[in-house]
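Go ahead and model the full structure; you've got the sequences and the hints to work with.
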Amino acid sequence: MTGRAVLDLARMQQKRLSQPPPITLTNVPPPPVVETQLAGNVQRQLANQVAAHVPPGEIVSTPAIHNAIGIQDELDMDIFGEFFVT
1 MTGRAVLDLA
11 RMQQKRLSQP
21 PPITLTNVPP
31 PPVVETQLAG
41 NVQRQLANQV
51 AAHVPPGEIV
61 STPAIHNAIG
71 IQDELDMDIF
81 GEFFVT
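Count the sequence shown with full-length UniProt numbering and you get residues 1 to 86, in order.
Possibly wrong hints are sitting among the right ones.
To be verified - Computed cross-link-like contacts, SDA-like style, restricted to lysine to any residue with a CA-CA straight-line distance of at most 25 Å:
| hint | residue 1 | residue 2 |
| --- | --- | --- |
| 1 | K15 | V28 |
| 2 | K15 | E35 |
| 3 | K15 | T26 |
| 4 | K15 | A51 |
| 5 | K15 | P29 |
| 6 | K15 | G3 |
| 7 | K15 | Q43 |
| 8 | K15 | A52 |
| 9 | K15 | P31 |
| 10 | K15 | P32 |
| 11 | K15 | P30 |
| 12 | K15 | Q45 |
Since the hints were made in silico from the structure, they are not lab data.
It should be emphasised that the depicted structure is a prediction, and the values quoted were computed from it without experimental measurement.
Next comes the structure, spelled out in C-alpha cells:
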C-alpha cells in the first residue's frame, strides 16, 4: 500500500465532508463510487500488510474474540462438556 492511496482517500473524504450539510441529514448523498472503492482497497491492503507481519494472536486475544461473539467461557464450556466425554 502506498501512502499516496491513503492521502488521496483523505483528500476525497475531506472535500466531501467539508461541504455544507443539507437541511435534513437524510438527504446527505452517499460517497462517490470511486471513494468507496479506494477506501476498500486501502482497507484490504492494510489488512494484508498487518496479517503478513503479525500473527493473529498478537493483534487480539482469544477472550476478546469470545467476548465479541458472545461466548462466555465459564458457562459455555460446561454446555460442551455435556456432549463430549473426556
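Evaluation of the provided hints:
Pair hint K15 plus V28 holds up; C-alpha atoms about 14 Å apart against a cutoff of 25 Å. A C-alpha spacing of about 11 Å is found between K15 and E35, which places the hinted pair at or below 25 Å, so the restraint holds. Taken as a hint, the K15 and T26 pair is honoured in the structure, with Cα atoms around 19 Å apart against an allowance of 25 Å. Proposed proximity of K15 and A51 is contradicted: the alpha carbons are some 31 Å apart, above 25 Å.
At most 25 Å may separate the alpha-carbon atoms for a hinted pair to count; K15 and P29 meet this at roughly 13 Å. Only pairs whose Cα atoms come within 25 Å are accepted, and K15 paired with G3 is accepted, the gap being roughly 18 Å. Proposed proximity of K15 and Q43 is supported: the alpha carbons are some 20 Å apart, at most 25 Å. Restraint check for K15 and A52: the C-alpha separation of about 33 Å exceeds 25 Å, so the hint is violated.
A threshold of 25 Å between alpha carbons decides the hint, and for K15 with P31 the separation of about 11 Å falls inside it, so the pair holds. Our distance criterion of 25 Å between C-alpha atoms is met by K15 and P32, whose separation comes to about 12 Å. A distance of roughly 13 Å separates the Cα atoms of K15 and P30; the hinted pair therefore holds under the 25 Å criterion. Pair hint K15 plus Q45 holds up; C-alpha atoms about 23 Å apart against a cutoff of 25 Å.
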